[in-house]
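Chemist: Work the whole structure out from these sequences, hints included.
2 protein chains.
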Amino acid sequence: MSLQAERITILGSGLVGSLLAIYLAKRGYQVDIYERRPDMRKNRVAAGRSINLALSERGWTALEQVGIRKQIEDVAIPMYARMVHNTDGSLSGQPYGKDGQAIYSVSRGGLNCTLMDCAERFPNISIHFNQRIEDVNLKEKQFAVIKEDGQVDRINYEILFGADGAFSALRAALQRTDRFEYSQSYIEHGYKELTIPAGDSGSFLMEKNALHIWPRKNFMLIALPNQDGSFTCTLFFQFDGEESFSRIKTKAEAHDFLNRYFPDAVAMMPHCLDDFFHNPTSSLVTVRCYPWSYEDSACLIGDSAHAIVPFFGQGMNCGFEDCRILDQLMTEHANWHELFGAFQLSRKPNADAIATLALNNFIEMRDLVADPHFLKKKKIESRIAQLYPDQFISAYGMVSFTNIPYADALRRGREQNNLLEELSAIPNLDDDILSAMSKKILK
Amino acid sequence: MSLQAERITILGSGLVGSLLAIYLAKRGYQVDIYERRPDMRKNRVAAGRSINLALSERGWTALEQVGIRKQIEDVAIPMYARMVHNTDGSLSGQPYGKDGQAIYSVSRGGLNCTLMDCAERFPNISIHFNQRIEDVNLKEKQFAVIKEDGQVDRINYEILFGADGAFSALRAALQRTDRFEYSQSYIEHGYKELTIPAGDSGSFLMEKNALHIWPRKNFMLIALPNQDGSFTCTLFFQFDGEESFSRIKTKAEAHDFLNRYFPDAVAMMPHCLDDFFHNPTSSLVTVRCYPWSYEDSACLIGDSAHAIVPFFGQGMNCGFEDCRILDQLMTEHANWHELFGAFQLSRKPNADAIATLALNNFIEMRDLVADPHFLKKKKIESRIAQLYPDQFISAYGMVSFTNIPYADALRRGREQNNLLEELSAIPNLDDDILSAMSKKILK
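So the protein lines, in turn, are chains A and B.
My numbering applies: residue 1045 is where the first sequence begins, and numbers increase by one.
My numbering applies: residue 1045 is where the second sequence begins, and numbers increase by one.
Hints may contain errors.
Identical copies look the same in the list; a pair holds intra-copy or inter-copy alike.
Claimed, not checked - Restricting the straight-line Cα-Cα distance to at most 30 Å, the calculated cross-link-like pairs of lysine-lysine (DSS-like) are:
(1) K1086 <-> K1483
(2) K1293 <-> K1185
(3) K1293 <-> K1183
(4) K1236 <-> K1183
(5) K1421 <-> K1252
(6) K1114 <-> K1183
(7) K1252 <-> K1392
Treat the hints as calculated values from the structure; they're not laboratory data.
Modeler: Here's what the structure looks like:
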């Protein structure tokens, strides 16, 4: 290998850290992962707060590249459509793509355990648990590890990857270097997990192969299926204001709120009031920064470089794509400084694009049924897709079912949206006009 | 006093920390200031790197309020005009305001020493030097102080103000709290200090009562007078690119560059090549964050809450205004939590506005002579000011010669600029048209 290194150190054995380790181990490097938490495989958290993720094309591509697609497919549930739960109790299905196209519900914990298992099968990967990283010294190439007993070790590194998430210790060190661009920005909504338990003998109480959404304009509830027949639900709701988490202080208030907006869901959630007050309310941050790397020795990857809100289901997929692109660039560069430079230059515009797409998609998800203009545009878009199945891909499709760079998906999505705005203003739109005008956005 | 506190702790004895201490001491509080550096009055830094500031109306108002205007006036040099040094060597003066209106050149070090002297005259103010603050624990109301010998003390506080600048320790603690909005953003330009020494027996080699500018489109040199007859010069120049700091590596290259663009200045700077390589290249950051306070116990003030670029000469003036407004709000609020809430709500829009105005003013300063359209608008603006001396104030005037809130100055400045754009497009503009159209922006 042309990129010289005895050992590579990774902060974080989360989804991206574990997959990155596999990529690097396959290239023959000795990899050490330092993880703050205990080994989740030995201390399995009791059910209840198992966040669900939607794995889509970019994620699969990155997993396939290192030959572990099959292991994950076994635990993933395909969701072929959004199932919209309207206020009047009616349901309407909206397929995500063409026949057979789906995004896949996976449990974060389960997927992480599988990835760590895959990683530890490599003799050249070691995961060190219960290692809290406190203070990365970029110049000395050293960090402090606080052990469970409070003892502090100093660890030297040669090459360091920060896969340590939205509150990265490596990024905190970069933030203190001169001319480091950084922003963290929270949305007005927080989220709270609720659960629809399985029915008799592990049956699903709603359609299994769908992502369920209760769009309510300013807030929404979603539900993703788990393998045991339950659904993990997430309420996205404003922290403050007229209708908000801060206004719901009693079980009676929570009962009124949930029953007013989600009566069909509540009927399936016997413990929702307890869950509502027992589960935390979490915040949602977008992190943007640059550069992602320090000289020839340290580089951010995944959420530590670009934490995004979850509304496009792309946080993990983007992090996995980071690993695949980094690996690809490793074949093209002879030293780490150049590699890191090429990596951040290639990924930064795409990370910025998916951050924007994710923020925008929240509005789309909340408004799915409420806005007639939006539905009219969606109808026209479907017609274009029918007429030109090989030449037209919606923005959602580009993000979820292709590996087209996010920045291109954002740009083409905007062009498409401009066209849809124009088309929706035409009184008697027929296929001839539609075809003529669609030419400019077809591939 | 209604706001209860035994002691108040301030981080930083810089300009804002010292003035804030005086405001609080006058209200009877016991004030302790912790300062990272040694006492600059005892360890006076040798001349050469004495950054100069432009004190304007907001600064004076805040100083007057605590009765120390006179002390500062004694060491301030009025600058009544911009003196533009054109590329052909010609000079053109542009008055800042009406007759007698000036901004005032003061040395940061000198002003800081005077403010500390004023502060220490109060028996209830103590300044503790050589105290590096490392770790503010907001919940425990405690911070760590690293002494010169490396010893660590833990100090408890009751009320804490962070006047500790752009890299504030208090803000670092706030950044780790949930839902804290934060951004740091650098411009592409850095700056380097150069010096025009005094002439024979302390004479000034250029017009004393002016701020000298060499606008060169993408970069610029400025010079402010010192009391000893010298001028402190600052070169604002891109870090990277065709013409940039990174391209000037040898004395020959520096010589060529400086002589090509600033020949008249170079003629007065015998040591400019040595200075160029000896003095550091510093970066310029804008920091935006929110909230500025934590519960009823801690609050940011000055640069720690809103570091801005120096191109409007308002960083210190804005920080001094913070002190005045805080003091005013102290008479209206019965507890610290309410006070901090009112303070940040009142100041945040104004801090954001001056951050924007400062970034915009860099372009204006660099382009002063180069852009005929800009000069045409300036001429029309002057005519409006002549016709309506009591009803029209330029954006520059509102910022520098009034205490009109920055947010209002920004908004009115934009309205004025829109009008100036309209007016400059009119072929035969006479006073009648001018007057008729100006009505909408007059007070």
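Chemist: A separate judgement is required for each hint: does it hold in the structure or not?
Modeler: Okay, the hints, checked on the actual structure:
1. With identical chains, the CA atoms of K1086 and K1483 are never at most 30 Å apart, being 57 Å at best within one copy and 76 Å at best between copies.
2. Within a single copy, K1293 and K1185 get their C-alpha atoms only as close as 49 Å, which misses the 30 Å cut-off; across copies the closest is 28 Å, which meets it.
3. Proximity of K1293 and K1183 under a CA criterion of 30 Å is satisfied inter-copy only: 24 Å between copies versus 49 Å inside one chain copy.
4. For the identical chains of this complex, K1236 and K1183 are inter-copy neighbours only, at 25 Å across copies versus 41 Å inside a copy, given an alpha-carbon limit of 30 Å.
5. Only within a single protomer do K1421 and K1252 lie at most 30 Å apart by alpha-carbon distance; the minimum there is 28 Å, versus 66 Å between protomers.
6. When the C-alpha separation of K1114 and K1183 is checked against a cutoff of 30 Å, the pair qualifies neither within a copy, at 42 Å, nor between copies, at 48 Å.
7. Taking the shortest alpha-carbon separations for K1252 and K1392, neither the intra-copy value of 36 Å nor the inter-copy value of 49 Å comes in at or below 30 Å.
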